[in-house]
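Undergrad: So the protein sequences, as listed, match chains U, W, R and L.
Just so it is clear: in the first sequence, position 188 is 749 by this note's numbering, and no numbers are missing.
Just so it is clear: in the second sequence, position 233 is 794 by this note's numbering, and no numbers are missing.
Just so it is clear: in the third sequence, position 125 is 686 by this note's numbering, and no numbers are missing.
Just so it is clear: in the fourth sequence, position 257 is 818 by this note's numbering, and no numbers are missing.
One or more hints might be untrue.
Copies of the same chain look alike in the list, so a pair counts if it works inside one copy or between any two.
As the list claims (entries may be wrong) - Cut-off 27 Å, straight-line C-alpha distance, at most; resulting in silico cross-link-like pairs (DSSO-like, lysine-lysine):
| hint | residue 1 | residue 2 |
| --- | --- | --- |
| 1 | K624 | K580 |
| 2 | K669 | K585 |
| 3 | K651 | K906 |
| 4 | K906 | K569 |
Quick caveat, the hints were computed from the structure, so don't treat them as lab data.
4 protein chains.
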Amino acid sequence: MIIVMEPKTDEQNIQRVVKYLENKGFKAVLNHGDVMVVIAAIGDKRLIQPEAINSLEGVREVKIIQEPYKLASREGSLHDSVYTFPNGVKIGGLERPVLMVGPCSVEKDFQGLMDVAAAAKEMGCQFLRGGAFKPRTSPYDFQGLEEVALKYLRKAGDATGLLVVTEVMDTLDIPLVSDYADVIQVGARNMQNFKLLKALGKSNKPVLLKRGASATIREFLLAAEYILSNGNEKVILCERGIKSFDSSFTRNTLDLASIPVIKKLSHLPIIVDPSHATGRRYLIEPMSKAALIAGAHGIMMEVHHDPDNASSDGAQSLSIEQFRQVCKNLNKLIGRIEYDNKLQKELVKN
Amino acid sequence: MIIVMEPKTDEQNIQRVVKYLENKGFKAVLNHGDVMVVIAAIGDKRLIQPEAINSLEGVREVKIIQEPYKLASREGSLHDSVYTFPNGVKIGGLERPVLMVGPCSVEKDFQGLMDVAAAAKEMGCQFLRGGAFKPRTSPYDFQGLEEVALKYLRKAGDATGLLVVTEVMDTLDIPLVSDYADVIQVGARNMQNFKLLKALGKSNKPVLLKRGASATIREFLLAAEYILSNGNEKVILCERGIKSFDSSFTRNTLDLASIPVIKKLSHLPIIVDPSHATGRRYLIEPMSKAALIAGAHGIMMEVHHDPDNASSDGAQSLSIEQFRQVCKNLNKLIGRIEYDNKLQKELVKN
Amino acid sequence: MIIVMEPKTDEQNIQRVVKYLENKGFKAVLNHGDVMVVIAAIGDKRLIQPEAINSLEGVREVKIIQEPYKLASREGSLHDSVYTFPNGVKIGGLERPVLMVGPCSVEKDFQGLMDVAAAAKEMGCQFLRGGAFKPRTSPYDFQGLEEVALKYLRKAGDATGLLVVTEVMDTLDIPLVSDYADVIQVGARNMQNFKLLKALGKSNKPVLLKRGASATIREFLLAAEYILSNGNEKVILCERGIKSFDSSFTRNTLDLASIPVIKKLSHLPIIVDPSHATGRRYLIEPMSKAALIAGAHGIMMEVHHDPDNASSDGAQSLSIEQFRQVCKNLNKLIGRIEYDNKLQKELVKN
Amino acid sequence: MIIVMEPKTDEQNIQRVVKYLENKGFKAVLNHGDVMVVIAAIGDKRLIQPEAINSLEGVREVKIIQEPYKLASREGSLHDSVYTFPNGVKIGGLERPVLMVGPCSVEKDFQGLMDVAAAAKEMGCQFLRGGAFKPRTSPYDFQGLEEVALKYLRKAGDATGLLVVTEVMDTLDIPLVSDYADVIQVGARNMQNFKLLKALGKSNKPVLLKRGASATIREFLLAAEYILSNGNEKVILCERGIKSFDSSFTRNTLDLASIPVIKKLSHLPIIVDPSHATGRRYLIEPMSKAALIAGAHGIMMEVHHDPDNASSDGAQSLSIEQFRQVCKNLNKLIGRIEYDNKLQKELVKN
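Modelling step: build the complete structure from the supplied sequences, incorporating the hints.
TA: Okay, here's the thing in structure tokens:
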């Protein structure tokens, strides 16, 4: 931590900060500049509140040097984290990028879901996604079929061999969702629902954590740290667009540079959801390709058997036919990436 | 709802949209322009998903005309909502603006809390605020004293006659918090925790709903609608700063124009929290004054008996001495506002 | 400047940074932490490119400690800058806050402009504002009457005794505008038109510099520094709203906390333009009051003799009648502020 | 244009709007809804100020239906615009994506520039870029070598056969820059310097227009419209990152979805500048690949012969050696895109 003192602050203030730091077990190194004094505090940041120092007399600014998360950081794990599911599917590192496919909300028409799942399986996808509990901005919008939806998902997953991903919105629902899902999703709006994150940290299910619409990368990794530090080491990150000043033509702004940035900072797998990020069907293919080539470990996309009549997010869902075409194009790119990854694995080995 | 068709789309697509609308009980009025057709859909917006229409062939854009919330809107209540607490304190409308004062987190030192409460009471404040459950960005930061803190708050509230405001973070904790608090706060990070909002809608305690850091005004009022539409009509809104591209000198950007905007759109009381909005102690006084003169129904501010050693947010907390000075200045302004409000009440009566 | 090295970077990289700094005349102080080395570079920041250091091997981050502007900073001038115009009007410091009033664009109807000017004078305003060269987002919108408008403004200014403020958009037009205006305005879109800023630095007219819609406070003060460092010490800052994710109910987000922040960082006067910030007529009064009470040295607002037929920005312009009412209310507040300022002046003297 | 009236506004207000529209040559179609009246105004939007209508009594909101630019839109040109330079290089449409390479600023060391240019040519790039006039946030940063730099660029361009791209910051400098450059660049900070845009509209040189850091896509295309509507039909757009709330790890947020969005709205070529967008060297390769696969017509990137000692933006510049490696990888992808484009051209022909 670096503490910058106000120009011309008096010696007494400086000594007060030094004492404060030493009391907390820090070593304080003073740098007398021409204009101001800068104090380097050496020790474990997590033992201290930077704001507490900030409030001491004569302190201009406190700058954090070390990233505040630990288990989520590259220092937390030497190697990229790769999770292997019971059916052999892997996610992360140099494994083949995965595809998660399904409707925004699971609806009453089970056959529709089955049709999507069958097409997904046939096209080589690994996961079936679908909402049972739906976080909707308006209380008057469709809120999800809850347990019925979970049963449908499990049934369609078992029938096709796809793994099931679905969202949980409340700590109370974790046991129920865990009975049906292979991966539990935390939605963007709940990224800082810390009670939920802690409770999922006690779970043994992998957690797919979506980036909040206004979460910085640091806040995103700190949210992951909540899960990791409570004991669950299987966290999959998901970039799904951030809020910006322009939402005329896309719902959010997909922050694709976050993929290589997060891969540099963290060992956790990260996937991209172009459907929610853009809110536009025609952008799913180009943004999926861009995400994959930028290094994403997978893509989550919305596919519906009848988008015109979807309960939610029809405009950003692909029809099954459209999905087949998009997926065919993505599979070509995924094949090339898998090939390059294999070469790189060989290099690492030798 | 207005449906704008793509230029030169064929008649068939237009008829499909018309049929779709009519099936949902809407009346469709066509406007043939030189370049494109615009369809006005007349009916209850809440019966239809705009995205569903958006996904129909040939549709360029769907524009919502009516605000999507109802109970929170001016149409939902003819008069400004004013809530009266059992001790006679009122909030909203043309009542005297209120002050909510206390530490960010309640800490082990009960006497410290009592000192703050006593000063608050003496200066004419109405509410004691303090965190028992703390939503912290990092899992390594102080997470709150939970029930101990609730007991302290109640005790200090009872001793001074102040009403108690404290945050709940999880549906499971609502009964516990309700046992101690007069007002239940929903933090900015939970503004779209819809399960929590619904559960609070079933509660009979007034809810203080903070605006999410990236919530639009529309999303903010829709979050209030979740509580209102579940039966709890006592919602107090709180503006506490939004995220912007500049956080060098203030933590967030305080959106003060939201006060008159929301007062135009809604009948609900709205207060301002300049402590969280700016994160800087020296900004509390000018921003509180600005908020009050812009029409806020109250101010929530952080005061700590020993900010240098606060468990959280010391840099934005006033010491008791500073608070007395700030409050003295605010009270002058509040007195003038109360006087003007009385004149206005007389006018309305006559 | 603080240079944070990567954890476990080798000694050679550290020595390279030290050498680089010493070659540029800096003193380098090393702080060996448990995890990483932090180098404090002491010297004149302006002799070095932080990016250059950032690009050296093993450097994780370069943190600027001192604000990069100098003449605009509190270190640049001990006292608040107050400018006195030939007619005795003063702006800045503890002087009575000023009002700048007029139409967005000057139009063909000279009498309309005269009516606005006469009302402004009568209500105690000091400045007449109006656009001769208009920066419009669309090339098909009205672009301004240019020299004709300048003549009108001068004539109306002379007739009423108001000072004239008008915008210049291009270095080529500075001589022409200088012939007519008392204050030259730089619009938000030109805040980083550095050629224009430099040329105005050579002018002897006071410059009203508007904050860019996405300019940080630091960038804003650096833009002022361009003018100051080229020799013109009369810069008036103007906050006029920044872009945020929500523009449904206001055109921009008025950043009122920037007023006390900038007054802390800089000695320059700062005013607020609520008309452009909000784009809504009904918000001018509450936001003007909030700005004044937060410490603004003046308000610039749009008034038009016939807003329904204005060439630009009618929706945010007050009619003359509305203006009289708003101004009456503002004058009460200004009177109180003037009184408080006088007390403070006395205190400073004694 | 759609005019939404306030609920329960009286008939008189509605008739006033209708009359106003008809006076301006519009046809007004009324839709009487249950709650409010919506008026569809049919005619040429550019003849009217939406704000003017907005300011009429009883009007709640004016919604623009048609995009306000015309020449830049798909309606402005049936086919993708492709520009062919005298040396046969093409940009736009289904042509091979181009690469623009060079230092941020041209410096005194001509040989360094030549080394970059020679490497660029050898790797198959088409353009040499470099700054002669530098828009710098601080007046104390390097401001560019001006005409000397222009001469160097021309000389290096002629020696290698590369086309020269360089920025102009002021209308006064257009003739000078035109003497040396093949493409004139407008920087992000000048995107709404309308005088400059108009003057470039009279030029016969292709203009590379960078998106402003807080410009919406609509504002971006309107800026292009300024150039196009003044007679210059050769505009190349460039996405270079927008401001967001997170700048800890990247300078700006690269908005890659803007590529397919703009290609849908406009016929103009669009390239991407990952160097300025991210400000980080290691992000250039992944973001260039992502941009190309998302459909960009080219990439502009910063390469410096000695980044550690660059006058500006060293941290985001590739060394010549790094550039060769990155370019080798990009060329593979460009080859594949060229192949796919050829297939598509064949399809279009047949």
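Undergrad: When the structure is checked against the list of hints, which entries are broken? Sort them ascending.
TA: Violated hints: none; all satisfied.
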